[in-house]
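Novice: Sequence:
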Amino acid sequence: MSAAAPSKSDLFDCRDSFAATIEALAEADPRIVTVVSDSVGSSKLGGFRTKFPDRMVNVGIAEQTLVAVGAGLANGGKLPFVSAASCFITGRALEQVKADIAYSNVNVKLIGQSSGVAYGELGPTHHSIEDLAWLRLFNNMKLIVPADPWQTAEAIKAAAAYDGPVFVRVSRMAVPALERPANAVFEIGMAETLIEGVDATIIANGTMVHRAVAVAKALAAEGISARVVNMATVNPLDEAAIAAATETGAIVTVEEHSVRGGLGGAVAEVVVGTNPVPMRILGFPGFVPTGSADWLFDHFGLNDAGIADAVRQTIARKK
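Taking this note's numbering, the leading residue of the sequence shown gets 5, the next gets one more, and so forth.
Take these hints with a grain of salt, some might be off.
[Stated by the list, open to error] Taking lysine-lysine and the BS3-like style, the derived pairs with C-alpha atoms no more than 30 Å apart in a straight line are:
1) Lys221 with Lys323
2) Lys82 with Lys102
3) Lys82 with Lys221
4) Lys221 with Lys55
5) Lys82 with Lys161
6) Lys102 with Lys161
7) Lys55 with Lys82
To be clear, the hints were calculated from the coordinates, so they are not data collected in a lab. This structure is a prediction, so every number in the text was calculated from the model and none was measured.
All chains, full assembly: derive it from the sequences and hints.
Specialist: This is how it looks when you write it as structure tokens:
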């Protein structure tokens, strides 16, 4: 079972949305600076460098220094957006993120670019499927995983407005724009219900959201009513939305991340303490081999068929 894939002309790179938004914000706020680790191109910040050459710091391939410089700029009154590949800005610089950003509670915005398995052919060293699990340990750090260009822009605006540490996870994989009301708003800690349903709830974020929507629409043809919740904020979670999801009696979480410690684990922590119902966590089970992102999604069941099967199986476990 699969839904028609969107055409390439209908797909968007969320890094472009990040770059356009940060340039617009910088026009109005002279405190905004960017810090990169020889990643101007991959962060799509060439335009920012041209417009604001004195407001970009390139530390070279040195992510620990990258994070420390960002903390120093924040302590000096700047509003730094620190951008690099998610696997390196977290894993390689985790001690600095912990001590210089989270523990010190400084106003730094970490932008984890090309997250998940977007660097598929570069292999496990470049996969970033542990980043959310690591950062969830820091209770004061907001964690945002936007699903499309609009939500990426809104997340960057919200991060700039919030006084404190924020991590925004941005994929390089092209995704479609989601359908939502014209008056839709993004708020840190607030989930977005994209499709209503009563038989089960699919909770997803990032690149998995449009897949969840496609699956729900296809399941409707089978007579299965699946709710789709876009849980873009992993910390803090929208616990009210999760509690409401338990009322459908079955929950499936879908994420481009390890099944340990990410969105699924966070949702399960809430479910077990409120109204335990059958639940399935879809993600990557461990280290992920080298291969294209599409191949990896198919191999590990993070595709339409795999998500739909998980929903059916979880519904079957209802008492």
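Novice: Decide if the proposed pair is consistent with the structure: Lys82 and Lys221, CA atoms, cutoff 30 Å inclusive.
Specialist: violated, 46 Å
Novice: For a C-alpha distance cap of 30 Å, please report whether Lys102 and Lys161 respect it.
Specialist: Satisfied, since the Cα-Cα distance of roughly 24 Å is no more than 30 Å.
Novice: For Lys221 and Lys323, compute the direct alpha-carbon distance and say whether it is at most 30 Å.
Specialist: Holds: Lys221 and Lys323 sit about 25 Å apart, inside 30 Å.
Novice: Run the distance test for Lys221 versus Lys55: straight-line Cα separation, threshold 30 Å.
Specialist: Cα-Cα ~44 Å, so violated.
Novice: For a C-alpha distance cap of 30 Å, please report whether Lys82 and Lys161 respect it.
Specialist: holds, 16 Å
Novice: With a cut-off of 30 Å on the C-alpha distance, tell me whether Lys55 and Lys82 pass.
Specialist: holds, 17 Å
Novice: Is Lys82 close enough to Lys102, meaning Cα to Cα at most 30 Å?
Specialist: Distance ~20 Å between Lys82 and Lys102 Cα, so the pair holds.
Going through the hint list in order, the structure does not satisfy hints 3 and 4.
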